[in-house]
Every structure is written in C-alpha cells, then in structure tokens.
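Keeping their order, the protein sequence lines are chains U and C. Here our numbering is used: the first residue of the first sequence is 1, the next is one more, and so on. Here our numbering is used: the first residue of the second sequence is 1001, the next is one more, and so on.
Everything labelled a hint here was simulated from the structure, so no lab data went into it. From the three backbone atoms N, C-alpha and C, an ideal C-beta is built for every residue, glycine too. Take every hint as true, because none was put in to throw you off.
Distance windows between CB atoms, simulated:
#1 C:Ala1033 <-> U:His78: 37 to 45 Å
#2 C:Glu1127 <-> U:Trp40: 50 to 58 Å
#3 C:Tyr1130 <-> U:Gly123: 14 to 22 Å
#4 U:Arg102 <-> C:Pro1026: 18 to 26 Å
#5 C:Gly1148 <-> U:Pro121: 26 to 34 Å
#6 C:Ala1184 <-> U:Glu117: 26 to 34 Å
#7 C:Gln1081 <-> U:Ala55: 49 to 57 Å
#8 C:Tyr1004 <-> U:Arg141: 50 to 58 Å
#9 C:Val1100 <-> U:Gly85: 39 to 47 Å
#10 C:Gln1082 <-> U:His82: 37 to 45 Å
#11 U:Arg102 <-> C:Ala1028: 25 to 33 Å
Simulated coverage check for chain U against chain C, where a stretch passes if three residues somewhere in it have a Cβ under 8 Å from a Cβ of chain C:
#12 91-104
#13 136-144
#14 149-157
Listed next, the in silico SDA-like pairs over lysine to any residue satisfying Cα-Cα at most 25 Å (straight line):
#15 C:Lys1062 <-> U:Glu153
#16 C:Lys1062 <-> U:Gln88
#17 C:Lys1062 <-> U:Thr100
#18 C:Lys1062 <-> U:Ala83
#19 C:Lys1125 <-> C:Asp1150
#20 C:Lys1062 <-> U:Gly107
#21 C:Lys1125 <-> U:Arg124
#22 C:Lys1062 <-> U:Thr115
#23 C:Lys1062 <-> U:Glu104
#24 C:Lys1062 <-> U:Ala116
#25 C:Lys1062 <-> U:Thr138
#26 C:Lys1062 <-> U:Phe95
#27 C:Lys1062 <-> U:Arg145
#28 C:Lys1062 <-> U:Ile103
#29 C:Lys1062 <-> U:Thr96
#30 C:Lys1062 <-> U:His125
#31 C:Lys1062 <-> U:Gly151
#32 C:Lys1062 <-> U:Gln99
#33 C:Lys1062 <-> U:Ser135
#34 C:Lys1062 <-> U:Asp132
#35 C:Lys1062 <-> U:Glu117
#36 C:Lys1062 <-> U:Pro108
#37 C:Lys1062 <-> U:Ala142
#38 C:Lys1062 <-> U:Arg141
#39 C:Lys1062 <-> C:Pro1026
#40 C:Lys1062 <-> U:Val137
Here are the chains, one letter per residue:
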Amino acid sequence: MNADAEMERALAAVRKNAPPGFTTRVMANLPAEQRRPAWWPARGQWLVPVLAGVALALLVFGLGWWVRPGADRAMVVHFEIHAPGARQVELVGSFTEWQTDRIELRGPDASGHWTAEVPLPPGRHEYLFLVDGQSWVTDPRAEVRRSDGFGRENAVLAL
Amino acid sequence: MSRYIMLIVGGWLAGVSLLPAAESPPLAAEQIARLEACLAEAREQAAPVHLLRQRWEEGLAKNVDPELVVQAVQQRWQLLQQARALLVSGGYVLEAPPVVDLQATVTLALESGLSLETLTDLVGKGEGRYAGRLQGVVEAGESMFLAGLDESTVKNLMSDGLARNLRRVEMLRVARYATQQHRAGASGEQIRGSLWGDPSAWQGGGGGSGSGGRRRGWGSEAGSGVGGGAGQGPSSRGDGGSVGPAGAVHGQP
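Bound conformation, chain C alone (with noise of 0.2 Å):
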C-alpha cells in the first residue's frame, strides 16, 4: 500500500515540476469587478482605455498579488483624469485623435514622477495647439526625469523644445543629449547652453570658446567636450532610433 502511495506522490511531484511557472493567482469576483467599474468609466468618457488595461495585465504576468493591481489599476485612472483634466483646462478637445495619445502620454508622465505643476505650465504654453509636439517633449521630459535630472532643467529643456517646435524624434535625441551630459557632470545650464548655442554657458570641451554669436548645433563638438560615451541599452536601426546626438536642432520659437 505505501508502494502505491509513494507512486502516487512522486508521480504528482513529477507532474508539479513539469507545469510552467506559478500562474497569477486569481483575481477574486469582487476585485474583478472594481477593475471593470475602472475600465466601464473610462470607456464611458472615451478615456483612453488601453492604458487601464496595460496595468492590469502587467500586474498579472508579473503574479502580482491582486489587490495591488487593482490599487495600481485605480492609481493610474486617477492619474489619468488628473491628467484629462489638465489638458482641457490648457484649451485641448480630448477627443481629437492625438489628444487621446497625449492622455496617455501625460498620465505617464505624472506616474513618473513628474509635478503637476511642471506639466499644466508646459501644456497652459501649447495654448491647445500642437498636440503631437506638445506629446514628443513630454516624452523627452520623462525620460530625462527618470534619468534623474532635476526637475527644474527638464521643465525648461521641454519649454525650450515645445518654443523651438520640435519634433519628436528630435526631442528624443535632445533627452539623450541632455542624460549623456547629466551623467557626465554637466549642470543644467551647461546642458542647456550646448544644446542652444550659448558658448557663456558651456564650461566644457573644445570647440566652447570663441564661436561668438555663432548658432552652434548640440552635436557639434561642444557636446563631445564633456563625456559623451556612447549610450548603452538596446540598439537599434532607422530612423530616430539611434544612440547619441546627431545633427544641428532646427526650427525656429
């Protein structure tokens, strides 16, 4: 009989080890239903929904435990009124197609870290124009945020690239411009002096002196003055996609 018993255990524990990793553990009907009570409003003020969703099935894969992703759930559809809010007091129609991706954008902003403050004064500035660009520097300002510059000069990194009317790729190589430079010591100032050409501004490298009134581009050879190692993380091939500055910043306030 204890033959028949250890069959059976062992078979089990055999069966056990096979099974892929610990699934999520359930979420409970009530649970289920104040995410779908998140969900349902969202939809009801054509929110951007997707964004509530991508929270609920990363706190799933990440066998988080249930409470906690419906409290990250609800966390980030406040946020993302926070951030609805804001953008139509700044004169945006939420319904316009690249409002509805600026949503997202903002939420996530706020998410990081991000002040409301800094943000309604960068929006109050789009003067509820120019979404897609308004977009591309909050973008850039997260990122650069998370990279820990401080808050102050990446408020006035993303005013300057929301007066200059950047485009988002090229907001994006500003924000890795401006990380590279942070991680290699350079002030706020410093950054945003190599960035827009003012040579008072840069302590740093050769090229700094002596270029007068010129309009320098930041990846010029000011910028490699200071550091400037080439970026890690992944790589990648096509357009905007690659690491580092490259080529002068165009457009005009």
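This is chain U alone, in the form it adopts within the complex (with noise of 0.2 Å):
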C-alpha cells in the first residue's frame, strides 16, 4: 500500500496533461470494433475450423454411402466343394461370363475342399464348378438350381 501511494506520488510529479480533444482524436482514429460471435474464428484462425468442417462432412458423406441400403455394393461369397482328387477346380458362371481360367478355387485342404471368396453385386447369378477343366459339377451345396438346357443343371445364387 505505501509503495503504491508512494508510486502514485512519484507519477503524479510527472504527468502531463493531455491537450484538449486529444483523447477524442485517439479514439476516433481507432478502428471500429468488430462484433463477432464468441465462437467465430478470428482473422488468420479460420483454418483449422475449416478443415475440421471438411473432415466431418467427409465422415458423414462416407458413412452414408457405406451403409446406403442395397445400391451396388458388392458381396463376398464363400464358395465350397469337396474334391480331394481333383488337381484344378474353377468357378464358371455368369459372373464371368462364362469364361473359364477367371475364378480358381484354393486346396485342396487336409480333408479335401476347395474354397473362394469372390466379391459379387447384388443380382441373380447362375454358376458350376468346373472340376480339372473338363468336368462340371453343380454345387451340391445350392438351395436352388436351374436345368441349364444341355443336360445339366446350373447352380442359381440370388444375392
């Protein structure tokens, strides 16, 4: 408190007065205050709230078109057969067109099966297992087939 009082008496001893008007002058020549919202970036910050608004709007976006219902999101398939002898099994359908040499099969395992996992678009797919590309063999495994019209029968996966 003394040193405060004391400080007071050592400035008063100096100070001057302003001119007249000289106070209005300076406050004139101030730029006018900017109201903003509290939450609004100031100048030269407005990057990270932008990136941050474009990263959201991504996540959103993306996460819609994951979970969009149906559309052309393709399905991976488990697709099966026992054939412990055989030395090729291929998948032959609609999906390639009916070309062999597309789809192979891995194994056989230890106790003889062929698999794959193939990606497929929702839609109607017709399909045989082409056994050391001379034999085809319906999936036994198929809740539906279909006389393909020359003697045997395609497997029929709706997806």
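Put the complex together from the two separate chains, hints included.
Structure, rendered in structure tokens:
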C-alpha cells in the first residue's frame, strides 16, 4: 500500500495533462470494434475450423455411402466344394461371362475341400464348378438349381 | 525309320496331353449367322441383348453341340419376346431402365417353367408401376418355383409380396423362408399363414397359438417351430445376403 502511494506521488510529479481533445481524436482514429460471436474464428484462425468441417463432411458422406441400402455394393461370397482328387477347380458362371480361367479355387485342404471368396454384385447369378478343366459339377450345397437346357443343372444364387 | 516314326507319334501324343481341355466345337458359318440374326433383331428392338449373349457364351463354355447352342439362344429370344409383350400389355414402358432389367427377369422365370398365365396375372397387378419391386417379386417367385413349391403357392406369395410392396431383399428372404418351410413339410397355406401372421393357418411349433389378432413377423417363434434348419449353399456376408429369415416383414398393401 505504501509503495503504491509513493509510486502514485512520483508519477503525479511527471505526469502531464493531455491537450484538449486529445483523447477524442485518438479514439476516433481507432478502428471500429468488430462484433463477432464468441465462437467465430478470429482473423487468421480459419484453417482449423475449415479442415474440421471438411473432415466432418467426408465422414458423414462416407458413412452414408457405406450404409446405403442395397445399391450395387459387392458382397463377398464363400464357395466351397469337396473334390479331394482334383488337380484344379474353377468357378464358372454368369459373373465370369461363362469364361473359364477367371476364378480358381484354393485347395485342396487336408479334408479335400476347395474354397474361394468371391466378391459379387447384388443380383441373380448362375454358376458351376469346373473340375480339372473337364467335369462340370453342380454345387451340391446350392439351395436352388436350374436346368441349363444342355443336360446339366446350374446353381442359382440370388444376392 | 520306325524309330523316327515312333518318336514323332510319341511327341505328338505328349503334346496333345498338354493341351487344355478340348475347346468347344466350332460353329459353322450358317450357325453363326443365325445367332447374329437373333442378336441383331434384339438389338433393333432395344431388348437386353446380353441375355442372349450369355446363353451363347454358356453353351460354348460347356462344349455343347453348336446346333443346340443356336436353338437355346433362339428359344431364349422367343421367351424374351413373350416377356416383352407381357410387360407392354401390363402397361410397362420397355425402354425405361428398370423395365429393361425386368424383361430379363421375366424371361428367366418363363425359362425356369413359371407359366405365362401366372406372370401375366402378376404383371397386371403392377399396373405399369414399381418395376423394381416387381422384378424382386418375380425373381423370388422363380427361386421358390425352382425349389419345388407348387405354382399356386408361388403365385400367391408373389402377389402377397407385391401387395405389401416388399423390396427385393425382403422378397428374397421370403423366398428363402418359404423354401425352408416347404422342405420341412409345411403346406402353402401354412407358409403364407406364418409369413403374414394368420394364426389359424399355422399348425406348426411353439408360439403358434394364443396370438389373437397380433401381427407377427415371419422371423418369429412361429417360423422356428417347423424344421427351419440353416440354409446351405454358398454363404455370404453383406446386406441381404444372410441365409435364413431375419427381421420382421414390413410394408403396407
């Protein structure tokens, strides 16, 4: 308290009064105060909010795209056949345009099974297994089969 | 001299054994012309040509006699024309994108043995609208028919699905459920009853009585009372790909 009082007396000795109108002129030349909401970024501080907005938009859009119903999202289908004596097993069907040498199953495993995981678009598909490039085999696990009109049965898969 | 002949013959046999499986017998020029005529006609009418080309490719891949391939493609073209006429009579515009796919679905259903009468009746109910929904219904109907359900039941289930405005995914679940119930011995009326919540038609297992007027989903306890073993065939992951019924049917007539 005493130190404050002494400082005040010392300053009073050297303090000069401002000329008339000085304060008014100074205030008039100051830039107008920009009213902005508290949450509004200050000048030069836009980068982070913009990046955050873009990231949020991408996240929402991406999630919406991911969970969209049906559409043309591919589904991974597991195919399997027991063919212990086979050297090669292929999957041939409408999704390979009935071309061979497109999808080969892996195997055989210890139990003689051949398998493949194939992404397929939603829709109706017909297929057969081609064993050793010669034997056409209908999927024994297929729920739905259809005569191909050529003496065999295609498995029918609806996704 | 004989040694050289034996070497040549042996070499030829060895080479033949290394060849891939016998390629499909070549089509005669006349047969190719007939096939191309089919495709050209389909193309002119803006029909789904890929449906005919698939038949051609399938026949070639399976080393089928060329004449049978030609006949199969021509037969499918005839069925496609029937499907198109059927849809036009039902008020559908063939050029509309959803109807292009619908043509293929109806053609395949006819090829699988569903009668023209059944499909005509169903298409008429569509009133020229909701081609996408109708496609799902027809596809499910073909699946149920191929699985062995009688055509009368299939027709009723397709009509039920259309009346309830079921989406394709939902109709496929109906088809899988109906197929499972059929294989478990349920009748057509029992299947419909368990699907659409008519307790008086369901004679199956637990949960089938005392429900009064409460509407039950077809994935509920009533459905689990008969057989209901897990479906076989390829398993899939993804929306609509699960085997077996799931969730309740929704949609209003």
